[in-house]
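My request is simple: use the sequences and hints to build the entire structure.
If you read the sequences in order, they're chains A and B.
Numbers 0 to 203, taken from numbering that gives the first Met the number 0, label the letters of the first sequence in order.
Numbers 0 to 268, taken from numbering that gives the first Met the number 0, label the letters of the second sequence in order.
Hints listed in this document are in silico derivations from the structure and should not be mistaken for laboratory results.
Bear in mind that the values here come from a model prediction, so they are computed numbers and not experimental data.
From the three backbone atoms N, C-alpha and C, an ideal C-beta is built for every residue, glycine too.
There's no promise every hint is true.
[To be verified] Computed footprint of chain B on chain A, listed as stretches where at least three residues anywhere in the stretch have a Cβ under 8 Å from a Cβ of chain B: (1) 40-53; (2) 120-127.
[Stated by the list, open to error] Far from chain A, by Cβ distances over 10 Å, these chain B residues were calculated: (3) Gly10; (4) Glu25; (5) Val48; (6) Arg65; (7) Thr87; (8) Gly122.
[Unchecked claim] Pair ranges (Cβ atoms, derived): (9) A:His35 - B:Glu125: 28 to 36 Å; (10) A:Val199 - B:Asp67: 26 to 34 Å; (11) A:Val102 - B:Lys248: 26 to 34 Å; (12) B:Gly208 - A:Glu113: 21 to 29 Å; (13) B:Leu203 - A:Arg67: 29 to 37 Å; (14) A:Pro143 - B:Leu203: 17 to 25 Å; (15) B:Gly224 - A:Glu62: 32 to 40 Å; (16) A:Pro55 - B:Ser257: 28 to 36 Å; (17) A:Glu113 - B:Pro107: 33 to 41 Å; (18) A:His35 - B:Leu177: 49 to 57 Å; (19) A:Pro55 - B:Arg78: 35 to 43 Å.
Residues per chain are reported as follows:
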Amino acid sequence: MSAVTLELFGDSAWRVPLATGRDPRALLDALRSIPHVVDAVVAEEHALVAFDAASPPLRDDVEAAVGRAFVPATRAPGREHTVPVRYDGLDLEEVARETRMTVHEVVALHEASEYVVATIGFMPGFAYLRGLDARLVLPRRSSPRARVPALAVGIAGPYAGIYPFASPGGWHLLGTAVGFTPFDARAGATLALGDRVRFVPVPP
Amino acid sequence: MSAILVTRVAGVAMVQDAGRPGHMHEGVPPGGALVPELLARANVAARNVPGAAAIESFGTLVLEAREDAFVAFDDGTARPLSAGTSLTIACEGARVRYVAVRGGLDVPELLGGRGTLLVASLGGHEGRPLRRGDLLRAGDAPRVDASMPSAPDLASPIRVVPGPDRRRFPDEALDLLLSSSFVVDARSDRVGVRLTGGPALPRLGSDSGPSSPMVRGAIQVPPSGMAVVLGPDHPTTGGYPVLATVITKDFGSLAARSPGARVRFVTQP
Numbered sequence: 000m001s002a003v004t005l006e007l008f009g010d011s012a013w014r015v016p017l018a019t020g021r022d023p024r025a026l027l028d029a030l031r032s033i034p035h036v037v038d039a040v041v042a043e044e045h046a047l048v049a050f051d052a053a054s055p056p057l058r059d060d061v062e063a064a065v066g067r068a069f070v071p072a073t074r075a076p077g078r079e080h081t082v083p084v085r086y087d088g089l090d091l092e093e094v095a096r097e098t099r100m101t102v103h104e105v106v107a108l109h110e111a112s113e114y115v116v117a118t119i120g121f122m123p124g125f126a127y128l129r130g131l132d133a134r135l136v137l138p139r140r141s142s143p144r145a146r147v148p149a150l151a152v153g154i155a156g157p158y159a160g161i162y163p164f165a166s167p168g169g170w171h172l173l174g175t176a177v178g179f180t181p182f183d184a185r186a187g188a189t190l191a192l193g194d195r196v197r198f199v200p201v202p203p
Numbered sequence: 000m001s002a003i004l005v006t007r008v009a010g011v012a013m014v015q016d017a018g019r020p021g022h023m024h025e026g027v028p029p030g031g032a033l034v035p036e037l038l039a040r041a042n043v044a045a046r047n048v049p050g051a052a053a054i055e056s057f058g059t060l061v062l063e064a065r066e067d068a069f070v071a072f073d074d075g076t077a078r079p080l081s082a083g084t085s086l087t088i089a090c091e092g093a094r095v096r097y098v099a100v101r102g103g104l105d106v107p108e109l110l111g112g113r114g115t116l117l118v119a120s121l122g123g124h125e126g127r128p129l130r131r132g133d134l135l136r137a138g139d140a141p142r143v144d145a146s147m148p149s150a151p152d153l154a155s156p157i158r159v160v161p162g163p164d165r166r167r168f169p170d171e172a173l174d175l176l177l178s179s180s181f182v183v184d185a186r187s188d189r190v191g192v193r194l195t196g197g198p199a200l201p202r203l204g205s206d207s208g209p210s211s212p213m214v215r216g217a218i219q220v221p222p223s224g225m226a227v228v229l230g231p232d233h234p235t236t237g238g239y240p241v242l243a244t245v246i247t248k249d250f251g252s253l254a255a256r257s258p259g260a261r262v263r264f265v266t267q268p
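Here is the structure:
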């Protein structure tokens with residue numbers, strides 16, 4: 000097992016660089032259960048624990064949690080979600096041009112993959128979904144849109160995602176999620192780390 | 000139960016409290032008052048707990064009591080407001096002002112907080128800024144007595160902990176941050192304080208890697224070199240490198256500075 004480094008992130012958080020191979024959901028659950036940890040976030044290259052500066056958790060607890068989550072997961076697999084998508088995105092034709100495919104092929108590749116929630120971040124309920132077909136990997140748009148509508152389904156780099164709320168954004172928009180609520184004011188985020196997502200096309 | 004009516008808003012005003020910790024793994028930032036000390040002063044003057052829900056106002060706000068109320072302000076003063084009486088709260092050079100009502104504002108607690116998160120239309124009064132005609136009811140929280148916290152110092156250097164992305168900057172970047180003076184930009188908001196008026200901070204490499212977790216106080220440096228210090232409603236992950244991070248006790252001192260105010264940074268002794 001490699002050594003665990005706790006990087007100071009101000010006076011009320013530690014950031015932990017992650018080696019590959021950890022089960023992110025098991026790590027998140029382990030970090031959140033540590034006494035005095037107020038918040039924990041697990042992204043692909045780093046985890047974060049946040050705490051009250053006056054009462055930090057024990058460093059040993061955090062190091063042990065990272066070490067424990069290094070073991071292959073024994074937890075139950077993530078939940079499965081099916082998200083209906085109307086493929087009416089503003090960038091469908093541009094994505095088809097840039098990937099030298101037809102719009103039909105772009106849609107077929109996008110809906111054929113099974114995606115896994117790799118990180119929750121950016122805004123409430125936003126999931127970075129891994130599993131995008133390599134042929135659809137494109138850099139972000141060179142100039143971000145001032146407003147991407149809520150429920151827009153997009154791709155950028157190796158990720159697919161669904162915008163829970165209207166916001167500025169640089170992703171390529173392929174469609175609109177239908178009958179899916181990414182974030183609820185009482186229940187919180189619908190997608191969780193490690194959950195699996197499939198997109199199912201619905202008629203325009 | 001007392002109630003106050005919003006009769007005019009020039010600028011932006013919304014309900015805020017001590018925040019919504021514990022939901023960052025769902026993409027929900029910690030939130031909370033932009034200037035925690037000023038929220039606490041208004042609440043202590045109202046005999047509320049320091050983190051009770053109150054009004055955070057940028058600009059000018061006119062309120063009218065619909066039923067007798069007891070209101071208090073971030074200057075530590077408080078007064079009864081009898082039904083039918085109006086009150087104007089203006090920033091007058093201050094970045095932000097707080098108005099607390101005895102008993103706290105009775106807005107729903109959602110995901111552990113009552114404050115407004117504008118990006119998600121979450122919390123506060125119907126998930127949005129206050130507008131004319133909104134009726135705010137006071138809660139019935141028991142009266143508490145607490146000592147009055149100090150207002151933040153608007154001139155002191157802001158204390159930082161270097162990192163955590165020192166390796167994504169040349170060595171001179173931290174020296175430049177600590178030896179320069181910056182100015183609070185007018186585009187600053189609850190998401191972040193934008194700094195101008197100083198040198199562009201040099202970086203190494205690109206921002207092509209996956210997003211990493213972020214915290215309030217992180218001094219992010221985008222490709223322009225113009226730093227943004229993340230505020231209470233920051234995105235929970237981000238891709239820009241963080242040169243240094245403001246310590247918790249100085250969040251309020253930075254956030255309470257108006258556009259045009261000077262900012263210097265110093266490493267935490």
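Evaluated hints:
1. 40-53: It holds, with 10 qualifying residues against the three required.
2. 120-127: Check passed, 7 qualifying residues.
3. Gly10: 22 Å, holds
4. Glu25: 4 Å, violated
5. Val48: 16 Å, holds
6. Arg65: Its Cβ never comes within 10 Å of chain A, the nearest being 27 Å, so this holds.
7. Thr87: The claim holds: B:Thr87 sits with its nearest Cβ about 32 Å from chain A, beyond 10 Å.
8. Gly122: 7 Å, violated
9. A:His35 - B:Glu125: 28 to 36 Å: 35 Å, holds
10. A:Val199 - B:Asp67: 26 to 34 Å: 57 Å, violated
11. A:Val102 - B:Lys248: 26 to 34 Å: 55 Å, violated
12. B:Gly208 - A:Glu113: 21 to 29 Å: 24 Å, holds
13. B:Leu203 - A:Arg67: 29 to 37 Å: 34 Å, holds
14. A:Pro143 - B:Leu203: 17 to 25 Å: 23 Å, holds
15. B:Gly224 - A:Glu62: 32 to 40 Å: 35 Å, holds
16. A:Pro55 - B:Ser257: 28 to 36 Å: Given a distance of about 33 Å, which is inside 28 to 36 Å, the answer is holds.
17. A:Glu113 - B:Pro107: 33 to 41 Å: Given range 33 to 41 Å: holds, Cβ gap about 37 Å.
18. A:His35 - B:Leu177: 49 to 57 Å: 31 Å, violated
19. A:Pro55 - B:Arg78: 35 to 43 Å: Because 41 Å falls inside the window, the suggested range holds.
The structure shown violates the earlier hints numbered 4, 8, 10, 11 and 18.
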